[in-house]
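J.: Could you slot chains B, C and D onto chain A? The hints should help.
Those protein sequences? They're chains A, B, C and D, same order as listed.
Position 365 (the first sequence) corresponds to 365 in the numbering used here; numbering is contiguous.
Position 41 (the second sequence) corresponds to 41 in the numbering used here; numbering is contiguous.
Position 145 (the third sequence) corresponds to 145 in the numbering used here; numbering is contiguous.
Position 113 (the fourth sequence) corresponds to 113 in the numbering used here; numbering is contiguous.
The set of hints was computed from the structure by calculation and includes no laboratory data.
Values in this document were obtained by computation on a predicted structure and should not be read as measured data.
A couple of the hints might just be wrong.
Treat identical chains as interchangeable: a pair holds within one or across any two.
Restricting the straight-line Cα-Cα distance to at most 20 Å, the calculated cross-link-like pairs of lysine to aspartate or glutamate (EDC-like) are [said to hold, decoys possible]:
1. 126 - 347
2. 126 - 50
3. 157 - 175
4. 126 - 187
5. 157 - 176
6. 126 - 155
7. 126 - 354
8. 157 - 113
9. 157 - 301
10. 157 - 68
11. 157 - 313
4 protein chains.
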Amino acid sequence: MPHLPADRPLGVALIGYAFMGRAHSQAWRTVGAAFDVPDIARRVIVGRDEEAVATAAHRLDWEEHATDWREVISRDDIDIVDICTPGFLHAEIAIAALEAGKHVLCEKPLANDTAEAQAMVEAAEKATARGQVAALGFTYRRVPALALARQFVADGKLGTIRQAKAAYLQDWLVDEEAGMSWRLRRETAGSGALGDIASHAIDQIQFLTGQRTTAVRGRLATMVPQRPGEDGLEDVTVDDAAWATLELDGGAIGSVEVSRMATGAKNRLTVELFGTSGALRFDLENPNELWYLDATVPVTEQGFTRVLVTEPEHPYLEAWWPQGHVLGWENAFTNQARDLLLAIRDEDAAYAPDFADGLALQRVLDAVIASDAADGAGVTL
Amino acid sequence: MPHLPADRPLGVALIGYAFMGRAHSQAWRTVGAAFDVPDIARRVIVGRDEEAVATAAHRLDWEEHATDWREVISRDDIDIVDICTPGFLHAEIAIAALEAGKHVLCEKPLANDTAEAQAMVEAAEKATARGQVAALGFTYRRVPALALARQFVADGKLGTIRQAKAAYLQDWLVDEEAGMSWRLRRETAGSGALGDIASHAIDQIQFLTGQRTTAVRGRLATMVPQRPGEDGLEDVTVDDAAWATLELDGGAIGSVEVSRMATGAKNRLTVELFGTSGALRFDLENPNELWYLDATVPVTEQGFTRVLVTEPEHPYLEAWWPQGHVLGWENAFTNQARDLLLAIRDEDAAYAPDFADGLALQRVLDAVIASDAADGAGVTL
Amino acid sequence: MPHLPADRPLGVALIGYAFMGRAHSQAWRTVGAAFDVPDIARRVIVGRDEEAVATAAHRLDWEEHATDWREVISRDDIDIVDICTPGFLHAEIAIAALEAGKHVLCEKPLANDTAEAQAMVEAAEKATARGQVAALGFTYRRVPALALARQFVADGKLGTIRQAKAAYLQDWLVDEEAGMSWRLRRETAGSGALGDIASHAIDQIQFLTGQRTTAVRGRLATMVPQRPGEDGLEDVTVDDAAWATLELDGGAIGSVEVSRMATGAKNRLTVELFGTSGALRFDLENPNELWYLDATVPVTEQGFTRVLVTEPEHPYLEAWWPQGHVLGWENAFTNQARDLLLAIRDEDAAYAPDFADGLALQRVLDAVIASDAADGAGVTL
Amino acid sequence: MPHLPADRPLGVALIGYAFMGRAHSQAWRTVGAAFDVPDIARRVIVGRDEEAVATAAHRLDWEEHATDWREVISRDDIDIVDICTPGFLHAEIAIAALEAGKHVLCEKPLANDTAEAQAMVEAAEKATARGQVAALGFTYRRVPALALARQFVADGKLGTIRQAKAAYLQDWLVDEEAGMSWRLRRETAGSGALGDIASHAIDQIQFLTGQRTTAVRGRLATMVPQRPGEDGLEDVTVDDAAWATLELDGGAIGSVEVSRMATGAKNRLTVELFGTSGALRFDLENPNELWYLDATVPVTEQGFTRVLVTEPEHPYLEAWWPQGHVLGWENAFTNQARDLLLAIRDEDAAYAPDFADGLALQRVLDAVIASDAADGAGVTL
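Next up, chain A with everything else stripped away, as it sits in the complex:
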């Protein structure tokens, strides 16, 4: 398969038009203005509710709308299928799209269970061999400050990392009168805070350190065990909060704490790395700042430096605004779209994370669940 169509822009189809669909639409509308990438056409947005998806197509500026994703992925003018549906639909759509020869960008989590994820990895491997890209959307890797953090680690600025600490705290379930939803049932959501936000925390630890988890100890807790449903109180069958420690293959130990009950925390993903020659801190509520400590400068000058990650020399920043003009949460999606387009264009550009990364992460989450079920005893991967 040629990487780029000869005579037309890359055609994009977006499946899903809710929160993630809106964020991805913003990225597809913006990527060509911000970056020097192949031309794209926003061909079609897909959803089950025709009226709603028609409205979305109009507002989010897609050429067409559709309700049948199978038909869409068979179209010749579609090159990229961007999957923003709930997780239980990921496998079916992604596998079909890959088999149809399309590049795929799939939102996290890769799938709701390991079997599905395994099948997706197999489909992706075949597709990749054919020159397709199968990309997984842990978008926070493309927040410039986190991309810079990874660069600092890869450049050796931190020396050997011994300890990594990530937390993802939210508070949208503090009110015990907040009602039941599909997110609070195991059969639809898989897990609670674990799959939703611990997945980000663990991905960041692995991404930033460049180390993989070999063993975990975990705890899950459901703090409000019943919530009002349509017919009275229903059991909450997923976790409200989760904790884990991770053994990493490079020798570091990671710690993870996530919660949907952390009063006052809105979207507080924090990461800290401690190495033999430096340290890093990050907080998603101030996403344009990376705090870096260089342990090799004289101790009288040492401390955490607030790097405002808005210089043209910083990752992704050459394309945006002048220094000091900060980016928002949404821009990471545009950066993600850029990297996907470049991976499609440039034969030797690999895209990470890929589906195998998603499967590996799923196994870490499963191990946390297994450890909790064993009263916290360690589980080896």
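T.: Positioned in the frame of chain A, the structure of chains B, C and D alone reads:
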């Protein structure tokens, strides 16, 4: 003039495609996705260099490009003329566009001198009487945190404001080898840090307090008096930094400090307001935070509260992402486009700031220059 | 025993003159100036090295020095024995002093093992029945901001606390060439970061929430397993870092992370509490600040408030400086001395923490060790 | 005069026992414990109200009390006279003490008017020639972070300083019902916020930059012109707030803003310095932090570094606690006592600031008043 065309979207023409043109393009591409506003069409982007403007049209997603703004403003399918040119072109274009019956959004500063600004105000008054909107782009008023600050003041949360303090610090001229440019010559730029960034600081003081300046005392300084030009050293004829105190008609005193020599400050517009029952602080390098102190709560609990301005109840936020998902610098331009479209649609919606506000601000800047020329002695407006 | 001697000040004997001895000396010199407390006399400081303790007596302003603590605790003019020796001497001295009828202030940890701690509790119970005070020095409870935090919780401002998070991060062992010492051997130190600093983190969680630990899951790690000793590399036999989750009897879950390898963290004890109607944050590196979120105010104004804990209405502050004049680390020791003196003077004033609290905490630490030995499986207390 | 008495400690007399008297007492009690300095004896504390000063002597741990300062300064066992009285008494006591051969430490401001200050300088010059020390108490110079800042500047880390910015904001007069006092009358206080806190701000600018003021432009404001006195409303005859810009002899421009009406600011002295190769920031509400930006490191790593000034290598820190154990406001007074004792002991140690510095500062304050009286026009020194 009917507020909205019956059978087509509002047609927008953008004059200018540099930094501000890119920011405004982002806004015009995004506003319909984020907000419930009248439909628009991004008809044409205008610039003098045909090749460059053609490229801009392609990347920034405008239907057409053009090199003759006069022709563009005469087109029937253009309803809004958005002026992002250098300041010395504002008057000619804005007046012509208003006379042609178009709505106008003009970037700040309104004009390079008071005579031009006066003519623009007259044209705007006539146009407004015909139902047109003439809007001035002090975009920072539409940073959600600053809009919230204004709301807090208007609601009386601060009581009587006695003291307002604004600074705008940048550092792009610290290097004395940085070369001459049109921005450093009085004949092209009018003034230096004063017109460029003190204008924002003073606008914020007046906007947030709701008070107008009645007298000023000022100081200007050029710290690097000569810089390398094409033929050797040239004189810098504008200010690198400026200071002023303002008497405001509500009894408050404002202080302003701006600089392009403030090493380490990237785009640090800070505002602080001190009132009889509360206080506010803001820093544009963390634009999603408003710090509010309620002086009426028990003293044991008192302090500045970091309000993360990302709740649906906050100004402009109903349209964006869930709580805790922060916005970037560029989003204020989208908010501005929204307000302009609503002012066009809704007969009784006034848009502020208008051209008269721009003229009033110009007079404050002139008074600072006059005060400095008088060795700091006060100048009454 | 009468609470206060009729005709002379309370006589204080201090055993130990190193870091803690200096801090306690500062407190004894200062307490009468800051607070309205019974008069004291700094009678004698005790140490094994006569020359060193003589110097200490002179510099730290004690009337006398001595080398035999047994003799000192038999003196009639000594009412308070303040124990700042290494932990393995606590039990012997404290029990003897209590049996001699003295009030005792014992630095943490109470003892190096549970058997000793148990004996100390028994001696303290008998002494308390005789009207003596047996006080344990978890001094951070008397940092004003943490005392205020406890007051907020006790007043119900946080509602039901569901989650508590404490970390204590230091970096003095980052350098792997840092040599062996008694602190790195199990036989002398008992444990490493666990006993030294996790003890503080766990004490804060229990103190602030008012809840006791009922079960733990833990992990310990020794990141640099050998360090240079006098005769070559020696094994480090204690932990460099520790993690735990705690089940608390009020339903909350606590998490603890401590490390001596956290590059750039100097003395960073942080605590966060999340309740149904509010939240709190604290960082010992900025000890005069308490961050409080009131979840009951309108969401547009909600956020963490930085309370600068220097108002006369704040705990312990009536005695110090005007508002805004911050206190240092050492002042908490003076506050502690005050509370001890008041507990001695006022028959009905109980002093917390007492020896039983120290024993209970020791059992939590033991449970962490046991859990780690069981590969992380939970241990019930 | 021999620098140190041969056979006894240096005898200290403290005149004044209110706020400053308490702070200085704390310093005299602590200095010998913290630092390796000559022995002192806290001989006598002096005040007009015998009962009050007797109580103070007991609580603050002075050997004796007295009511007649003239008698005290004639005592042979007194070597140091520490003056903590209101400003209008400074001249008389200091001159007498210097003429009696004593070393003098005088709290700021040096005097209430320039004539008195001039006489004090003359007395100090004679005394200095005899080997006495005449020290002025701008204690904030001895906050370790500010001493470190000065060291950084002196070491050239900032390059050429072009801009300095200091503010001192307090809020104790926000309430317009707060009553009249001697501090609000020109005849007793000299000036308001200007003399009280702008003096600190200006002293810091001059101290840190090492540059002297050559010209000023200023503004004063009285925001609450009348306040309740014993017999009804009285006129406030001093300033509530003040602003100034300073021309400095090294080419920098300084700006100053001070206020007693800055709601929510408790004791917020902030200083910022901008140089050609670096920048510094400080805030007295977090006095253990110095924020340093090194403009010579790669731009990707650049930013303000939070240096926690608690390392043994930092100024004054060798004597205090381990790293990360922060100091309080009061410790600067102990550092000041140390420097005074060393200046007395070491023939070649000069103490700064001296009385001449106090006089020079008084002249800057006078120039601000003169400039305000001239509607802001510049006044040359």
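J.: So, for every hint listed, does it hold in this structure?
T.: Now for the hints, and whether the structure bears them out:
no., hint, verdict
1, 126 - 347, "within (16 Å within a copy, 60 Å between copies)"
2, 126 - 50, "neither (34 Å within a copy, 46 Å between copies)"
3, 157 - 175, "between (43 Å within a copy, 15 Å between copies)"
4, 126 - 187, "neither (30 Å within a copy, 59 Å between copies)"
5, 157 - 176, "between (45 Å within a copy, 17 Å between copies)"
6, 126 - 155, "neither (33 Å within a copy, 62 Å between copies)"
7, 126 - 354, "within (13 Å within a copy, 60 Å between copies)"
8, 157 - 113, "neither (37 Å within a copy, 41 Å between copies)"
9, 157 - 301, "both (17 Å within a copy, 11 Å between copies)"
10, 157 - 68, "neither (50 Å within a copy, 52 Å between copies)"
11, 157 - 313, "within (17 Å within a copy, 24 Å between copies)"
In summary, the structure is inconsistent with hints 2, 4, 6, 8 and 10 from the numbered list given earlier, while agreeing with the others.
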